[in-house]
Amino acid sequence: MLAFNFFGATEGGLFDINATLPLMAIQVVALTYILNSLFFKPVGNVVEKREKFVSNNIIEAKNKLSEVKKLEADLLTQLQSARTEAQRIVSEAENESDKLYKEALEFANNEANASKEKARLEIESQTSAARDQLSKQADDLSELIVNRLILEK
Amino acid sequence: MFFNSLLTNFAALEVGQHLYWQIGNIRLHGQVFLTSWILLGALLVFISLGTKKMENDPKGLQNLLEFLWDYIRDLARTQIGEKVYRDWMPFIGTLFLFVFVSNWGGALIPWRLIKLPSGELGAPTADINTTIALALLVSLSYFYAGLSNKGWRYFEYYVHPTPIMLPFKILEDFTKPLSLSFRLFGNILADELVVGVLVFLVPLILPIPVMFLGLFTSAIQALIFATLAAYYIGEAVEEHH
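Chains as they are written, first to last, in numbering that gives the first Met the number 0: chain A, 0 to 152; chain B, 0 to 240.
Covered stretches of chain A, as calculated for chain B (at least 3 residues, CB under 8 Å):
#: 1; segment: 13 to 21
#: 2; segment: 24 to 30
#: 3; segment: 33 to 39
Think about it this way: if two alpha-carbon atoms lie no more than 20 Å apart in a straight line, the pair counts; the simulated EDC-like pairs of lysine to aspartate or glutamate are:
#: 4; chain 1: A; residue 1: Lys61; chain 2: A; residue 2: Asp73
#: 5; chain 1: B; residue 1: Lys82; chain 2: A; residue 2: Glu47
#: 6; chain 1: A; residue 1: Lys40; chain 2: B; residue 2: Asp56
If you are wondering where the hints come from, they were derived from the structure by calculation, not from laboratory data. No experiment lies behind these values; they were computed from the predicted model shown. Beta carbons are placed, not taken as given, at the ideal position from N, Cα and C, and that holds for glycine.
The following block holds chain A by itself, in its conformation from the complex (with noise of 0.2 Å):
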């Protein structure tokens, strides 16, 4: 069993420190200036530019979402609007020719009457001319009537 002499050997041993501590020590600053330039520098710099450009993407997407919404926003009120403006537009059109068909009905109607009165006017006038004519007619007979009456006597 002497493999397993851990202390106290003047050669080897577990616990034999000598000259390749120091230059694994040196090793190990070496590589870490090699990996460095090798890996850790070079994949975060790919790294950190996509997370940069990811977030920037990010913020760039909620930018135009939330420009989106604005337009869509303002569309909506546009829409609103216009209708609103429509509605007006159809219920003045709808009072204008309301209006209208009233004055054209009121002319027709005073036409109408205008056209009546004047008629009835003149019906009255012609009965009345025809009645005088008649009454005359008659006191022209009823005198005659009496002259011949006073003649035969």
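With the hints as your guide, set chain B onto chain A.
Positioned in the frame of chain A, the structure of chain B alone reads:
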């Protein structure tokens, strides 16, 4: 007779044996460097393949690397805080990747098949030198982070709620690297030993659940090491009010 062969076979596990490299006066544990170079080479190849053609729409390996990057960033950000986590993310990430790759590489690759003249290949983190090196780097980093962010006000941390805390906070500066290094070292070495002994005793089926447990432990240890390192740095740069 049987017992004897058992003993020699146990010796074949070769705990605490190292492949020594002698450069001038200094001696190194060669097997640690060999495995760490193989594993880090694989990691670097993997990463360069994944980052070769980076696109905005990630495909294949790039996806995996980005997931890894994101995971490390989250870890650093939650522990260190929004303000300075960027400065420390490469260090925390390197600790995590190094420990993770070492642990998993040690557990997944059948290193025993490669015979060395002495010692054997295995997870670099199963060597105390590696874990102490990592832990000391963490200590240096949190001191540096605290001093560079708050200047001399960093030392307010030592007397923060009350000055009674001073000895404990000073003690913590020693226990932090100690616990960091020994936790990692102990877990990974224990896992290797358990798997090694089980494979030796029952070379069929039985070691497999332990191997899976080892993979789980390895991943958890990497996460714990990186999280604690980040937490210590976060503690050092935190502003007290």
